[in-house]
Each structure stands twice: as structure tokens, then as C-alpha cells.
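Trainee: Protein sequence lines, in the order shown, are assigned to chains A and B.
Numbers 1 to 618, taken from the working numbering, label the letters of the first sequence in order.
Numbers 1 to 303, taken from the working numbering, label the letters of the second sequence in order.
Hints are computed from structural coordinates only; laboratory data are not their basis.
Note that beta-carbon positions come from the ideal geometry of N, C-alpha and C, so glycine has one too.
One or more hints might be untrue.
Facing chain A, according to a computed beta carbon distance under 7 Å, are these residues of chain B, among others [claimed, not checked]:
#1 R89
#2 A91
#3 F115
#4 L156
#5 G157
#6 V158
The following residues of chain B were derived to be distant from chain A, with all beta-carbon distances above 10 Å [to be verified]:
#7 A2
#8 T62
#9 A78
#10 I82
#11 K102
Have a look at the derived ranges for each label pair, beta carbon to beta carbon [to be verified]:
#12 S26/A <-> N227/B: 20 to 28 Å
#13 P63/B <-> D600/A: 52 to 60 Å
#14 V28/A <-> L294/B: 54 to 62 Å
#15 A475/A <-> R89/B: 44 to 52 Å
#16 P128/B <-> F355/A: 54 to 62 Å
#17 T402/A <-> N227/B: 18 to 26 Å
#18 L484/A <-> T168/B: 39 to 47 Å
#19 S61/B <-> L373/A: 53 to 61 Å
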Amino acid sequence: MKFFERIAWLKLDGDDLRLGLTCFFSGVLLAIMTGPEGNLVQPVYAFQHSLFSSHVWGFLIFGVLLAAASIYRRKVRTGVIRSSRTVARRKPRAWLSDVVFSADLTTKLVTGVIALIAAVIIADFTGPFVPDKMGFHQIFSQFSHTRTYGYIAIIFWLLNAYRVRRHPKTQSTRSPSFLGSPGAMIVGGALGGLLFALCADPWLPVRFSFKYFALHGPSDNVFFHHWTTYLWTLVGLMVGVQAVNKKKAAARPASSRVRRVRHVKVSQNTRLALYGGALFVAVEMPKFISPYWQESIFQQIGIFCLLAIGLNVVVGFAGLLDLGYVAFYALGAYTNAYLTNALPIHPPFVLNAFFSIPFAILVAMVAGVLLGLPTLRLRGDYLAIVTLGFGEIIYVLASNLTSITDGAGGTGPVGSFSMHIGFAHFALNGLAITDDLNFYYLLLAFIVPILFLFNSLNHSKVGRTWAAIREDEVAAASLGINGLKYKVMAFAIGASTSGVAGVLSSVKLGSLFPSDFALQVSIFVLVLVIFGGMASITGVLIGAAFIGWILQYLIFHSFIDYQDADKFMYLGAILVLTMIFRPQGMLPSKRRQREFQDSDAGLGSADAMGTAPEGPLS
Amino acid sequence: MASYFVLGIFTGLIYSMVALGYTLVYGVLRLINFAHSEVLMSGGFAGYFFLRFTMHATHISTPVRVLILLGGIVASGAVGAIVAIAIERFAYRPLRRRNAPKLTYLISAIGASYFLLNLAGKEFGRDPSATAQPITQSFSFTLWGAQITAFDLVLLGVTAVLFLVVNTLVSKSKVGRSIRAVAQDAETASLMGVNVNTTIASTFAIGGFMGGVAGLFIAMSSNVDYNMGFTPALLAFTAAVLGGIGNIRGAMVGGVVLGIFMYVPIYWIHQPFYEPVIGFAVLVLVLLFRPTGLFGESLGRSA
């Protein structure tokens, strides 16, 4: 009883109970999710095992702490606990006084600190680090494991503190603390990240890490021996300095206005510099990493990017959902296999992979139009399920039509790219590890023009029409826009991009197995598009690169009990969470973001799913 | 021929149970519930565990078998309903509160589906395993050359009873009235004092119960597998469209008709893997020529 009296000042009620339970069970769910993989012979044992393995306690504690933080936050909001705003006013010399101004920020910081503590606890509870295949850190295993969590926690904490702004009323005149200035924070974060990258080899496979030096000596380091490095650096610096100068000049008159932190207007020059820098990284980076990472990171990410920018046309630009995207990928790949004579049926003429690309585009596009025309006349959501079915059908046919596709056993070797024009000779052996870099550059040679093409398409009449259809299909139709035509066009463009990606990756795969074209690929590409930000090409690319990298990273550095087969669990969760909390994605396109906001306010629809549901349903 | 026909009918009954979930949710939300396949899967797993823990003895008398079967039906139906409600609560309601565009619902649902699918794969393993069989396999008779087993009869009985119950529930009861009101116009219904959130949750629960029971029957007729829901759900959606989406009786008939359409051609082509292909072809043809389905859309609007 005394206990209850003691906590009576918190005035706990049913909502608190619900909140606490939700948080606690989210900890339990995390524990179950990350527990060991079960089997049906001993499912109960597996479940118990997962519940009682050590790291689970970390998550349970995390759940409890989260519950406490949430209840605290709620109490602050409802005014039961005095907000620390008043505390900050009374004690202006507190070191966080520039940071802690609103109750919301306080709680953010509190949750950040709790995340930090929780992470340390989790790190303490979890078992030893799984040594990676390079065998670098057997000695530091426990340390680096702990460190990983520590860094995750620090990132959380920084994210929490990110939206630091001065309180509008008190307007402290003191100079902002280190955390108070976003610029300082970004710089600090970048420097910290660099240091981190140099010291901690598990994160970056880059050869110039300190550890690599220690093991192999500097002679292997090619970074400073390549002339293109200097060239690029010079160009980048020049463009960058110019851009920064211009931006400063442009920003000066506006400095009297209160600047908003979240919408930084990027000038044309800065943008060019960013693009140049990105291209620089994309071209140069792969040279300095080990062949394993060249293959697994850059080539896979290249294919992912190509697939994602194609699907982005359908999901992002046109606002349609295509769940059978992999079917067109498979069509492209099998078209290439057919034309390079890798299937049991023989083509009338054998081509090299370069020349089968137009055929692949044609096949994928025709399939897309045939599928899209009847479906898109109806509601947009029918497209989703019809494409889902189509993807499954292609998979079933590829597995079972043994006389045409060789079935599950896989096709013969698929022909590769080669070209001999005058003096220029280019021949690629998709399977040879020595040609990995060349394959990557070939991919890049496809991706960059397609990027430009789609970007200008988005800013052309077609792109504006897609936006019009997305925002209000009825109004667009009343202006004489043939919605069906543009929807089918977007769908067919997406399909043909997927076909091209199919040809490229069929060369890399060597021989095709139906399991490479399962539905999961579609979902995966969808996650890439959604996570980065639909309709935002930059967002999609960075999202694809990030997810591609993190999945590869997790293979080496098992996150708790992560197994490769689990990735779709997490990707599914990413889809749901993104849709709930940030439907425009991490790096949204401005227009799409505004559409989602308008849609939340009851204006427009932000998709092309036919007529919107009548009125709010809640 | 006749045996394929009968096989089609009885497989179709399972599809019609699943199709009901699609149709009901479509009626109130105007959305295809992409996560319905996982309702099926969880119902299948619930049935699997229930039967595993109850069917220990080697000789079980018939009344006990009946009880076990009923218990299995209730267990898998209940788990299906709970999972469906959870899907609604976590993947749909936050979006509904925001009046989000339809695209986000579909993406959120497919995400929830993949999450549940792989969570089951992780917790229960990724290999299929056989379910204990409470229905006797020694009994069967032949009707016009087609063999009909006790399993088929039980399936027919259960489906008939459940459909009668759901039909009565939707057309007669208070919950059913509010479901129909929300299906017609959610906003007006809420003004008339209908609790829209509860109604939508109960719609998911009814569809989820049927889906869970269908999952049990799929588990009993073949195996349980974390991936077991996908193809039946796709075909059941076809059945719902075939019958006219939003139409409860249409779902029933659509499932059976689709089953017949799918299995009778197998008699000639002898390639069982073609059945989803045929089902998909039916879907495209229906959308092409009669998008409102055989019976039209009664709960929803026309296309």
C-alpha cells in the first residue's frame, strides 16, 4: 500500500497502464524477434530458449525503461510532473540550458539518455561477438560488440538532440553550447564518424583504416597513388568552395529572418557539387576496397539502385503499387538467357548481352502494357494484386517449365557483354572476380544516364502530369488528361527498367535459378524505394545504398541473433513503420512530402489508386 | 474428371472462407487486405499446435476426436481473429486516423504481412511439417466416380455452418447492421452513433476467424509452413473478385466456381502446378470483362 501511496503523485491511470504495457511488450517482441531460430520439432523449447537467453533480459529491461520514459513523458505533457522548462528558467547556468527549453526536448533528451543506458545494458548482456570472416578482432571482440551498441546509442542521442532550437520566449543571449548549434553538431558528427571509420574496421571495409595499415603496411594502400584521386579532389574542392561562397552571399540578406533548421534550401551550385561528389565517390570508392566488398557491396547496390529507380517511377512518380516488379526482372534475365543461347530452346540468332537489352526492354514493356491496360482501368489497388499474382506466376512457370527454362536446376551459362568497335575492346566475364570492377562500371554506365533520363522525365510534362494524377485524378481528367495512358506509361517504364536490370544481373549471376526471382525481390525493392523516400531520386539511391550496405554488414556482424533469412522480417517492419511515421521517406522529395501533408489534412490523395475513400473513416 | 470437379469444389470451399475476409474488409475500408494471407498462416499454426498437444494418445475415440476438431476450429479461428485485429490495430488504424492515401495502406499491409511471415519463419522454423489428423481417413465413398472423404464432408459442414452464421450476423445482428452502415458511408454512420473503429475491428475479427479456420483446413490437408498463406490468399482474392468483391454470397460462390475452374483443366493438362496460373488467368479475365464479378458488388461501389 505504501508503495502505491508513494507513486500516487504520478496519478497513474488506465492510459499509463496501457502505455507501459505496450512498451514492455515491444521489448518482449524485440526479444522474441531476435531470439534464436526455432524448429517445429522443438518449437516450445526454441521459444523458451529465446526467452531465457541472456540478451533477452537486455531487451526486457529496455522495455521497462521505455515504459518508464513514455509514462514520464506523458506525465510531463499532461502537467502532472512539473515541466523542466521551469527548471531551466530558474537555473540558467545549467549546461543544458540552451538545449533544454521545451518539455518535448527534455523528454527527448531523457529518452536519449535512457537509450544510451539501455544500449550499454544490452551490450553487457549479449553474448560474445561473432568474429567476422576476416578474423580481425578476435581479441577485441567483446569490446567492439559493446562499442557497436554504444555507437547506436550515441546516434540515437544525437538524433534526439537534433531539433535543438532556442526557446522563443526566453531567447537566451548566451552563445549556444556545442550541442545547441546544428552546424557544430554536424561537423562534430562528421569528424566523429571519420575517426570512427578509421579506427573501427568492422564498419567500413576501406583499406586505409588504421587497422589495415597495422596488418598490411602502407604499401598496399592505393589511395594516394592514383592520379584520379588528385584530379577529383581538386575539382571537388573548386566546385565546393565556389558553391559555399555563393551560398553565403545568397544567405546574407535573409539572415535577419528566423532560419528554419529543417528545410535547408540548397542552391544550384551546391547541388552540382553534391552530384559531383556523389559521382566521385561512386567512381573512386570501389577501387580501394577488397574484391569481396567490390562484388557484394558495389555490384549488388548497383543492381539495387537500378531496380529501385525503376520502381520509383511507378510508386513514386505515378503513385501506383507494383508488387510483381521482379517478374519483369525475371523476364529481362530470361530474355538474355534465351538470346545468348543458355536455355534448352535455341534462339534464331545468338546475340551478345549488349544487344539483348533492347529485346529485354521490349519484352518487359509489352508484358507491362498487357498487364497494366486491363488492370489500371479499374482501381489502382487491383494493379497491386494483379502484379503480385503475375510475379508468382512467372516464378511458378520458371520453376516448372523445365523444357524451356531448365527449371529449378538453373540454366546454362548466360552469355556476357562484349563489344569491339575499332580500337575499343570491351569484354566482360561476369563470373571472374577480376572483372568485378568492370562490371560495376558497366552498371554505373547504365545507372547514370537512366538517372538523368528519369530526373528530366519527372520535370517534364509527363512528370507534371503524373503529379496532377496523384494529387487529384478527377481534376486532372477534367483538364483533358488521359489518366490511364500516363499510368500505363509509368508502369511500362518501370517494367522496362526492371528488364534492363534483369539482363545486367543475369550476366553477373552466370546461370539463372528461379529462386533468384522470388516475390521477396519485389518487396525488397519496394523497401528501398519507400525507405529512402518515394519520388525522391536522391532519397531512393541513398536508401538503396544504405539498406544494401547494412544487410551486407549484418551478414558479417551478426546483430544479436540476426540471420540472413530474418531480413525480411525487419524490412517488413520498416515498411509499416515508415508508412505510419514518415510516409514520405527519410529523404523525401518536397512535392511528395507536401502531398502527404495535404492528404493528411484531407486535400488530394497522394497516389493514383483511383478515387479516394469517401471521407475519413475514423 | 468428376474427381477433379469434386476436388475443385472442396478446395474452393477453403478459398471462399478466405475470400470472405477480403470481401468484408473491402466492404468497410475499400481496401484489399494484403496481410490476410498471414491470418491464414497463423490460423494454420494455431491449429497445428492445438492438434499436436491434444492428439497424443494412439487411440482416440470418435467423440473425443469431434471435440478436438471443434477445439481446433475455435483455436485457429480465434488466433486468426486476434491476428487480424492486431493487423488492423497496428498497420491500418494509425493510417486511418491520419486519413492517409490508399497507397500507404497497401504498403503498410504488405509490410505487416512480411513481418508476420518471417517472424513465424524465425520462431517456428522454415521447414514445412505435417499436422496431426483428427478426422478419420478410413471413411470414404464414391459418388459418380469421385471419391469423397470424411475430411471433405467435415469441410463442407463447417463451411456451411460458418457461412450461415456470418450471413446471419451481417444481415440480422446489431454488429452486422453497423458493418453495413460503415460500408455504405463511414462518416454518416459515425454521426448516427456507430463506433466506426469497433465496427472495423469486428469486421476484421469476423474475416480473421474465417481465415483462421481456413488455415486450419489447409494445414490439415497438407502441411504447415510459414509461407503457406500466400498462394491460397491470392487465389481467394481472385475468388472474391470473381464473386463480386464486397459481396458475401459472392465470395462463397466465387470460391467454389474458382475451384472448379482451376481443377477441371488439370484433368486435361496433367500438370498440377498450372492451377495458380489458371487462377491468375481467371483473375485477369474477370477484371477484363466483368470487373464487378458474377454477382456485382453489393457492399462496395461499382468499379
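Trainee: What hints, given by number in increasing order, does this structure fail?
Mentor: Numbers 1, 4, 5, 6, 11, 14, 15 and 16, in rising order.
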